[in-house]
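Q: Protein chains in written order, with this note's numbering: chain R, 1 to 175; chain H, 1 to 311.
Be aware that a few hints might be false.
Claimed, not checked - Covered stretches of chain H, as calculated for chain R (at least 3 residues, CB under 8 angstroms):
{"id": "1", "segment": "56-67"}
{"id": "2", "segment": "120-126"}
{"id": "3", "segment": "130-144"}
{"id": "4", "segment": "228-236"}
The hints are simulated quantities; they were obtained by calculation from the structure and are not laboratory data. All C-beta atoms, glycine included, are put in the ideal place defined by N, C-alpha and C.
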Amino acid sequence: MIRYLLFLVLFVFFIFEGTVFQIFASDMFGTPYIFVPRWVFAIIIFAGIYRGRATGTMYAVILGVIYDVIFMSILGVYAFGMGLITYLLSISIPFFQRNIPIIVITCMIAIATLDYYIYGMMLLLGLTSIIHEEFLYTRFIPSILINFAFVCIAAYPLKKMFQYIKRKKEEAETV
Amino acid sequence: MQSFFSNKRLIILLVCIIILVALIGYSMSERRSLSWPEQFITDSVGWVQSGFSRPAHFVAGFFENLDEIKNLYEENRILKSHLDEYAALQVEVNELRRHNEELMASLDVRESLNQYNVRTALVIHRSPDRWNEFIGINKGEQHGIEVNMAVMTSKGLVGKISQTSQFTSTVQLLSDHDRTNRISAFADGEQSIYGFIEGIDDATGTLKFTRLDIDAEIEEGMLVWTSGLGGIFPSELLIGEIVTYETDEFGLSQTAYVQPTADFQQLDYVLVIERSTSSLYPGIDPDIEFEEEEEQEEEEDDETEDEGDES
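Take the sequences, apply the hints, and build the full model.
A: Here's what the structure looks like:
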């Protein structure tokens, strides 16, 4: 059961991003800004730091594939980008694991890189013609702010959750 | 810290990039239908998504209703004043309809472009990154949905079906930036003006109504409808209202900007329209002429434009 807890959490957040968040999304109320939630990705970075590089990358690729299939008309973009960025930023050393501010900064770097990577891919594939300034002001900065807020709020509960998972796993191994 | 890229890892990375490029190439190939693993994932996730969407729509609808209650008195008064006109119009419409049916019967016309069947569907997801304007609905091939069917709300046209799976399907909204996202439409005036709805203007949120005849007399406030000439959509589905217009960059045609009547942001239930009129003789491919035209244009513009998906 404990093995599937993390995946379950990721999946619920994934569904939440696509359904509930979109229904109550900001542009319903007429703001020109687009808030892109990257909460699943933030949790994956947490998983990479707390559970190791292999686990993090595996979850990143699985969720990336689901993301590609459900939301994107182009396959592989998210799976590759999320996988690679998670691989590079899964620094699972005790110094990181103890320091919540450092994890938050790592998450924000990862999210910013992913956003720019996706923008670059969209430009490359000709699926968008948005100029850089517009991307920066209407999408990137609002998204970073909302994701920063989420990561700050969720960091402590997530840390507790990963410690709980670790404890349970160790118990299971000793028994 | 161990070294980031040993030889083995570098090779794995390169293989991954090759797979990425191959996948992109595969998914950008034209008119691809979903493969079965994709269908399986979309359907099973879609099932969970409808479980989340339904209560969320319900809550959102509740707050909307609260807003509406505030304006209820005012609206009611206006509606009452319209009610008298309505009775007179109803008589006239019945009269015209009967007349029309008789005339059509006498001419032996059995089909017209504006006949269609309707299926309602619930919006279950929308892509969070908003790079594309796709929404998912909870009806699929099993419910008779096919690619390229028109999708509308009660207020007007919103898009067309772009991909179908067994129990869910994906709708491409009119506001999507894809160059093949194009529908044949006409503006309703003394003379009908025909053109194409092509994409959205980001700054104003209005749809671009392009390739209008240079001599056409466009007025602000004209209503724009689907023409049904593309062969897939029925005619006379409302799209929007013209707000401004201008001569295009080459001075050969005019472009009008259309404010859509449907709200693309607030979608909960949509109607999927199946045209009941057959499109053409089965032997004739409706795309052939268009492709030739487009190729000529492409040569002239020296532009690599994708072949149009006129619908």
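Q: Can the segment 228-236 of chain H be counted as covered by chain R under the rule of three residues or more with Cβ-Cβ separation shorter than 8 angstroms?
A: Since 0 is below three, the answer is violated.
Q: When I compare C-beta atoms, does the segment 130-144 of chain H have three or more residues closer than 8 angstroms to chain R?
A: holds (count 5)
Q: Count the residues of the segment 56-67 of chain H whose CB lies closer than 8 angstroms to any CB of chain R, then report whether that count reaches three.
A: Per the Cβ count (3), the hint holds.
Q: Tell me if chain R covers the segment 120-126 of chain H under the three-residue, 8 angstroms CB rule, please?
A: Coverage by chain R holds here, the residue count being 3 at a Cβ distance below 8 angstroms.
In summary, the one numbered hint that this structure violates is 4.
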